[in-house]
Amino acid sequence: MGISRIRSKGPYLYFAEALVETTTESVMLAASSFLGVNPTANNKTEFFFKDVVGTETKTVIELTHTAGKNKEVIDAFVAIVNSNPQTAHAGMLVVADIEDTTGTEETTATGGAGTSQSPAVFGTKVPLFHKAFNGLVSSVAIA
Amino acid sequence: MENYLYFSDADGADATGDAGLYAASRFIGVSPHSATVTRIFFEGAMGTADANEMIELTHADTTTTADDGPSLVGHHSRIIANAVAKALLPSNKQSAGMVTMVDLTNGVKFEGLELVTGVAITIDS
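Read top to bottom, the protein sequences are chains A and B.
According to our numbering, the first sequence is numbered sequentially starting from 397.
According to our numbering, the second sequence is numbered sequentially starting from 16.
Hints were generated in silico from the structure; no laboratory data involved.
Be careful, since some hints might not be right.
[Claimed, not checked] Here are some chain A residues pointing at chain B (derived, C-beta under 8 Å):
no. : residue
1   : 421
2   : 426
3   : 439
4   : 449
5   : 528
We put the CB at the ideal spot given by N, CA and C, even for glycine.
Bound-form chain B, shown alone (with noise of 0.2 Å):
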């Protein structure tokens, strides 16, 4: 039993790598590639070739800030981390199942996820 990880773009799931689907057991790790680029990686999930799952998703740049802007909270790559941890594991009060992480076709983020603008998913990374 484990929590299954979905993440679509913004034009429909209805064509390779628009969407996916990934197993918490899958997971790799989080790390940030720009101030406004995190990625997520899971073990290849296309049973050929099979190099990592990338989903990148963009996201605000919260490094840096406007004139009288808010307080900093640094990369928000750690905000996206929480909430993918989060997500991995089920909640006490649910049984395991798929998480919508981002789903912008939907216009549906999960808690911490609000600042994500894109996604793009790399099959065999």
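This is chain A alone, in the form it adopts within the complex (with noise of 0.2 Å):
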């Protein structure tokens, strides 16, 4: 079988913001959703994709990267895009992913409501930029 006769519409792309924990915090998406960009200012981009979720006319990830490099960021995210074409049963592509979890208890070891952070205890999720980006690219926001 050959991988040009698959049809889906990937490679799919992974985006979350530090805190995930409602819609579009974080999304999973088609990259055949692309629509297209927008250089919103020197040190931030807006890729735009058909709507998620919907209940909006599209989903838009900003990413916060070092000014005046808008053109090497779009550059990249083709390069991601190309990276990985319908290898099959490839899994996702983690673009940005700035989730950072640290460990908050939800009881303590006597039964009380936990309130501490311990990463040393219960482990840090750690921020993650696809490599292509070539640490260009700090942040990212979902909307």
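Using the hints, put the two standalone chains together into the complex.
Below, the structure is given as structure tokens:
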């Protein structure tokens, strides 16, 4: 079976904000739903996709990056999308994931409400940006 | 040729909304709804009205942990999203076909979806 015969919308891209708890604080969507880009400042570029949740006109991913590097970030995005074309069973590509949960305890050893944060004990989810950005991207917001 | 993803709730696939089958080519996206709920969206499948189909998965809260619990992995939507991405494309070793994602009636779950405990399908969401 040739890969070119596989019908799908992939590759699939993942973005997440620092706090992932409710609608569009993270999204996984198909690269084929990409609509366009809009540089809104010298350190911010928006990427537009078809709406995921059905209640917006579009899904907007805003990447914050090194000043003056809008084109480089856009170029890196294209490289990411084309870096893993429809490879069978490949899973998703993590483009920008800044979820930084640190171990907030729900309950303490004595059963009380937990308030402590101890990454050393409970682990920390480390923010991750695709290597194609070469360190230029520092944050992501989803709307 | 493409994969088709199957979801079913726990009380049998014998009434409207109990189960659904979605073509990979009609996939839209995955997004969390709460700490314990993640939603998967596909293009409408009923032929009328046809707003998106929404599959709501209830799962463990992996953003916080009980005392002395395991290390955190962040919101479970990331695990679910990766599982969905894998299922949307056929395996190198298999022909395209139906992939059971979560079938709570028969106790079958796709790799990575073991912590899913509930399925709710909303037609024309």
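Now the hints, each set against the structure:
no.: 1; hint: 421; in the structure: holds, 6 Å
no.: 2; hint: 426; in the structure: holds, 6 Å
no.: 3; hint: 439; in the structure: violated, 26 Å
no.: 4; hint: 449; in the structure: holds, 6 Å
no.: 5; hint: 528; in the structure: violated, 18 Å
Violated hints for the displayed structure, listed by number in ascending order: 3 and 5.
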